[in-house]
Amino acid sequence: MDAALRKRAYAKLRSGAMEALKFLDEKPVVRVGTATCGKAAGALLIRDAFQEEINSKGIDARVVEVGCMGHCYAEPMAIISKPGFTPLCYGNLDEGLVKRLVEDFLLQDDPCYEFAMAALEPNDIFPTFQDFPRGVYEEKIILEYCGLIDPEEIDYYIAWGGYSALDKVLHMDPREVLQIVKASNLRGRGGAGFPAGIKWDVARKAGDGMKYVICNGDEGDPGAFMDRNILESNPHQVIEGMIICAYCVGASQGYIYIRSEYQQAIRRVKKAVRQAREKGLLGDFILGSDFCFDLHVFPGAGAFVCGEGTALVSSMEGGMGIPQYRPPELALSGYLGKPTVLNNVKTFCYIPHIIQKGTKWFKEIGTPGSPGTAVFALAGKIAAPGLVEVPMGTTLRQLIYDVGGGIPGDKKLKAVQIGGPSGGCLPGEALDLPVDFDSLKESGAMMGSGGIIVLNEDDCMVRMARFFLGFTQQESCGKCTFCRLGTRHMLQILDAVTRGEGDMDSLRVLRELAEDVKAGSLCNLGKTAPNPVLTTLKYFFHEYEAHIKEKRCPSLMCPNLIAYFIEPAKCSKLCNVCVGSCPVEAIYTRDDGLKAINQEKCVKCDNCLKTCPPEYSAVIKVSPPDLVREKEREMG
Amino acid sequence: MSRQIVMTIDGRKITSREGEKLLWVALENDIYIPHLCAIKGQNKPFAGCRLCFVEVEGILQPVTACTQPVKAGMSVKTRTPAVDRLVRTAFELILSDHRLNCSRCSKNGSCQLRKIARERGLRLGLERLKPLPEKGQIDDSPRTFVFDPSRCVLCGRCVWADRQVAGVGAIGFSHRGIQRRVTTFAVRNLAESGCIECGLCVEACPVGALFFKEGKPGGKSLTDSI
Amino acid sequence: MEKDAVIKNTREILKNHTAKPRNLIPVLHDLQEKFGYLPQPAMEEVAAALGIPAVDVYGIATFFNGFRLNPPGRHQIQVCMGTACYMAGGQIALDSFERRLKIRAGETTPDGEFSLEQAACVGCCSLAPVVVVDTFVEGKVTPTRVDGLLLSLGVAPEKQENRSSKKDN
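Protein chains in written order, with the numbering used here: chain A, 1 to 636; chain B, 1001 to 1226; chain C, 2001 to 2169.
Note that these hints are calculated values from the structure, not bench results.
Possibly wrong hints are sitting among the right ones.
Which chain B residues stay away from chain A? Per the calculated CB distances, all over 12 Å, these [as the list claims (entries may be wrong)]:
1. R1120
2. D1139
3. G1177
4. A1191
5. I1196
6. F1212
FRET-style restraints, in silico, Cβ to Cβ [stated by the list, open to error]:
7. C:H2017 <-> A:F285: 22 to 32 Å
8. A:K271 <-> C:A2019: 22 to 32 Å
9. A:P328 <-> B:R1003: 40 to 50 Å
10. B:V1187 <-> A:M172: 50 to 60 Å
11. C:R2011 <-> A:G358: 34 to 44 Å
12. C:G2154 <-> A:D124: 49 to 59 Å
Since this is a predicted model, take the numbers as computed values, not measurements.
Cβ atoms here follow ideal geometry from the backbone N, Cα and C, with glycine treated the same way.
All chains, please: the whole structure from these sequences, using the hints.
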């Protein structure tokens, strides 16, 4: 087909999409964020409430489901646009507020600024997200349209300029495309940071036969949800990146591997693939060119280790998710023994942007060694948890205090866990580290997937290490000695420490095992599994010591080393809340009316402490547990 | 691949075919390197037991000899402090998951764990670690042999013999992590598993997890690659 | 379901896939959607159809978290054990369910009403600790809320009559 005709294929697609979405400019539209996180906060009820109110008032408006903007702390959220008004975003919605917004804003013309979070476009009246303190640091590239477009309707992506990079690429020589990707120095966002261009080059040169492109959406870090969010909020961005990759390396088949827990992501991506096929963006003769490529969704079956490339491929072939010794690299011999490019969800997402805006633009963001942005999932003891996208090289301090709003309450930051089970716990002193692929490795942590958990003085570092080791131990494939057995013994030692049963010599063994598991394991899951232990031993050794020498958990967290106590001076006597809240009937009323805890029965469920009315706050935790006996003697 | 090259192991000059895996080159030249899972001629090395560590000049960390192809001028050391430390830990880890009752084990004479202990001067016992719980019930349902999972080191040689040599498919791996086992479908008795009692898996077992009931019956012998 | 019916249904599902080993996981997903778990006769049927040893199907079924070998309870309770949930009291919520249902994580109550599972991160970290009951996501779960959730599913609160106002200590 000649070039002019090909050019027209995309132009036609684009104008069709704009036509289909004309209503966005013509009538009021309510966009409700219904990604998994929004749903958990009740977004579906909010969606229905909007629809009901609009119907009952007979308003000509549309309710549209969109993905997630990353402001988890304010879910459920909605964006309301109305001709003549700047689109506004509202958070923490409930049915009462929905009613009010429909009546006051949609029916009349009062945008209820008192409930608005931010405007979406610059204006003279209300601040935008860019005006937030975090706006200074945020730079949204791959999250830009997440939460704004309907992921289940391809026209949105196309109308916003989506698939134009693909159209551009189809007019280029694949070698040119490779040059761009290489020159951009885009590093894989799965955690290891391997340059994507080099991988693509190897696969490109690996003959003319069957080749595959696979997207790794097996996000398994138990504190990370960036990939899920992108797949749920803007699936076409990933698909476009994959098609471009396939064109570049000469692949004709692709798979998006999504972990089975992400049911909504699987559903939305399947729908997106179907729609892309209907529009001629997948399948034979894409956009009227000679290029043919098709894509399928492969739902995983639940194994963290499948995030490792060789394990992922092995499980796609019908085997266990067990890592293989490399080389050969997947780019030479991957799925079914054929050359395979395997990249993370986010890596593919950058591709259309780099194609459109160029390598110079991309390299001006971030650091020279790690160009571009990084996407993080902020969680834990932080005021504004959620998803953020910032330039590489942003410091942890900026991320936590400026973007995440700092630590809530009067608590002090103790540590930052970064990189999940493969990463490490860094102390407050490390806050000025720039976050990129290389700086973190030197500190013993790694960027990993991008999960950041902020910990405060109430979080026990030994328990934290134990949690992650318990996770990797459970997720170890079991093939190699160090990972299968080494992590098991490490876990047993940590368990003993959290029970106050360890001795100092066991810490020596723990460290030796950790170093050997790191050096001796077959794959990166095993090689990085000891990081949470090694970093806590390095930065928080005193906490280990307190557990062992004083049988005390300084953060009052380890159940075996704490006891609950009701302070007589604070107990109201007349209130019975704690008695009723105790699931094991350990709390009783003494003859003098004070409440007390039968320590033998207490299961340390924390319920009494949570339910004791704040005006009394009579329930406290003490460690070591023996302190209770002293206190009981004092009160007689 | 068939080019002859010269390299050194522990200072000894050795001639070999380029690309051969270091472990087999060393063993053919009577240089012992501990190993449990390696099988000569296997396409992709299993590389699971993590005992065959060596140091190669120019590579920072110890590498497994079963996966390392040899090339001209390569200089290898089989004993260095870093290698010895990893081997010692790997060996102790394996022992912690292997029921040690050598005096009542019929493989006592041919056990590779005993050989490793002897060659490397390692104790056949636990110094730093506590034994892990045993891995399951003894299966003596076959007429000719017994499977004792509590002695199994999960090297995978029996599974390989069952598949690649005998072509049966009665046993395989199940579960993962510390739960990983060599087992039959749904942990049925071997006698009900489609096992043909060829005995190849028993001969492939480097330890006492699979052993013949009364000595070694006649039958074809697995190419001894140990 | 009777064995014959299981095999008949399995064959129906196999018709939707080409008989290649690489379709094993997709086939097992379909089977579990149909039966709620992977019955042994179904696994043997799949092995025969794909030309692989039955023990390999068993191996895959036990390797992955997502597959069940036993029928699940009528209600499935998943307690999120992601990092944020764990640090915010996920273990306490799990302990409460275990205590109330008298089963451990990974088990089903003898009456087949409830199965209790640990979930890897559900991805709602800002609502930690999170519990998923069937498909309903519940955030900020305390032991009291566990009682409330179970009550809404028809589990009466634990017996209170032994509760006395006084106890000899």
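Do the Cβ positions of H2017 (chain C) and F285 (chain A) conform to the proposed distance bound of 22 to 32 Å? For H2017 (chain C) and F285 (chain A) the Cβ distance comes to about 28 Å; the hint holds.
Given the hint of 50 to 60 Å, check if V1187 (chain B) and M172 (chain A) actually sit that far apart at their C-beta atoms. 57 Å, holds
For F1212 (chain B), which was marked as not at the interface, is the minimum beta-carbon distance to chain A over 12 Å? 27 Å, holds
Please test the hint of 49 to 59 Å on the beta carbon pair from G2154 (chain C) and D124 (chain A). Distance hint for G2154 (chain C), D124 (chain A) holds at roughly 57 Å.
For the hint 22 to 32 Å, verify it against the beta carbon of K271 (chain A) and that of A2019 (chain C). Cβ of K271 (chain A) to Cβ of A2019 (chain C): about 28 Å, so the range 22 to 32 Å holds.
Checking the smallest CB distance to chain A, is R1120 (chain B) really beyond 12 Å? About 15 Å separates R1120 (chain B) from the closest Cβ of chain A, which puts it past 12 Å; holds.
Cβ separation check - I1196 (chain B) to all of chain A, threshold 12 Å: 24 Å, holds
Check the non-interface label on A1191 (chain B): least C-beta distance to chain A beyond 12 Å or not. 26 Å, holds
Should the hint that P328 (chain A) and R1003 (chain B) are 40 to 50 Å apart at their CB atoms be regarded as holding? 20 Å, violated
Minimum Cβ distance from D1139 (chain B) to chain A greater than 12 Å, as the annotation requires: D1139 (chain B) clear of chain A: closest Cβ-Cβ about 20 Å, beyond 12 Å.
Take the C-beta atom of R2011 (chain C) and the C-beta atom of G358 (chain A), compute their distance, and say whether it sits inside 34 to 44 Å. 55 Å, violated
If we take the beta carbon of G1177 (chain B), is the closest beta carbon in chain A still more than 12 Å away? 4 Å, violated
Consistency with the previously given hints fails for numbers 3, 9 and 11, ordered from lowest to highest.
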